[in-house]
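Enquirer: Sequence:
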Amino acid sequence: MKRWLLPLLILTACSGSDDQGPIRVSVIGGPPYLVDPNREIPDQTERVLLGAVAETLVAYDENGQITPSLAQRWVVTSDGLSAIFRLRRAAWSNGKAVTSDEVARRARAIIAPSSRNPLRDAFDSIEEISPTTPDVIEFRLTTPRPPLLELLAEPESSILSRAMMTSGPYRIDSRAGATAILKARARPADVAPPLPDIHLSGDKAARAIVRFQRDLTDLVLGGTYGDWPTVQTAQPRARTLRIDPAEGLFGLSVVKTGGFLADPLNRQVLGMVINRDAMLDAFDVPGWLAVLPVLPKRYRSAADPAFPPWAIYDLSGRIAEAQRRVQLWQGAHPGPIRIRLYLPPGPGSTLLYRRVAADWHRVGIEAVRSGEEEADVRLVDKVAPGGSALWYLDTLACPSADACSEETIEALDGARDAQSLAERGVRLAAADRSLAASGLYVPLARPVRWSLVSPRLTLFKENARAWHPLTALIKPPR
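So the mapping is simple: our numbering equals the position in the sequence shown, first residue as 1, plus 41.
Don't take each hint at face value.
List time: in silico DSSO-like cross-link candidates among lysine-lysine, alpha-carbon distance up to 27 Å [claimed, not checked]:
(1) Lys245 x Lys423
(2) Lys224 x Lys245
(3) Lys502 x Lys338
(4) Lys224 x Lys137
(5) Lys245 x Lys502
Note that these hints are calculated values from the structure, not bench results.
Required output: the full structure, derived from the provided sequences and hints.
Expert: Here it is as structure tokens:
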């Protein structure tokens, strides 16, 4: 038995939680500090904090559906090229009113050339952001009806003042060690009952799980495939382990295309020999689904999601074809084929590496775990910010300067410049087909996102965005 599993196996529940007390939230990540996503990419704890103390124009509710936030109403014009938002009355931390000028300035900063915001490129359909009145702001778009609302609901789209003031439902009241104490901002009594206090901390997965098992934490957020073996071994109580039906990417991205990986037919070998059913069996995640296409749905593409060319074979046929391609390469390039593979630290990565390495080995490819910078292939594990074919394809078309599908990029550029939804759909379908043939991405499965949830959090809901607002966890007493 592995040593890191032992502490979890001997845990027993201690005292019960206080239904009337603060909600204690532990996120698998670093400490909860407020960061500007335009200057620093937030980790999962920082995203959760942003979602509590800052506001976005629109937000996700507990079901992963768009709901009002700073914007109380919005409308998209009939041509799909303009989105107009009417702001509600809101105030910064110092009591000063939030204006459309400030919101527009912040939104423009997200897409500025100097921005480090991870959503900047996804917002490339925005042509202009203009305040039209003190409480109205307009987004002019180059592409009809992009997934604008979904992107604006992400915590990376939070509206902060220049002085890092916020206007969200919570404020940081104090800190107790590595825990941020969040208290609700004052609200009129007739608007809604008061929100409960939140004690928010960032922890390593094993510590977060231990604390939950001992009833010292009400909610653990941010679980991924990497921590799955740990929580699985802990055997949490029935219905406390919750798994989101997350949509997004979980697979291997080729980031260096030298040697064996220079040929798309050789790159395809990396995906065609992987036994996805055996991988799922090894992890034993309930409801986890393997995938072969990049797109989970058609979205607005003119064709169904494209499968890689080798999908016509069964697994034994794929292995035979892969062996033929490897032998053909080695006939002209004697010597071993070594692929440097980067996977983040964690027991889930160890399990995934063993599966991938075994599958590659049987056709003559040696997998070597490496650092992120040295890797030929890296793991992609991302939840999609919305139902957008552009997001999926653009994320994978050019993962590095050394690995780009020019055909895919050209088709995506055409989709962005398309003047009609029909033309855009044709271009998206072309991009999907070329990416599938390029071998630059090896689809494995949907991303895994899990949480541990106390029975007192009756409003918690699993959803496709794997996002759980701290304002929608429990019904506050009236």
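Enquirer: Against this structure, judge whether each hint is valid.
Expert: Cross-check of the supplied hints:
Distance check on the hinted pair: Lys245 and Lys423 sit about 19 Å apart at the alpha-carbon level, within 27 Å; holds. Simply put, Lys224 and Lys245 have alpha-carbon atoms about 24 Å apart, close enough for the 27 Å limit, and the pair holds. Distance check on the hinted pair: Lys502 and Lys338 sit about 22 Å apart at the alpha-carbon level, within 27 Å; holds. Note on Lys224 and Lys137: the hinted pairing holds, with a Cα-Cα distance of about 19 Å set against a maximum of 27 Å.
Only pairs whose Cα atoms come within 27 Å are accepted, and Lys245 paired with Lys502 is accepted, the gap being roughly 23 Å.
When each numbered hint is compared with the structure, no violation occurs for any of them.
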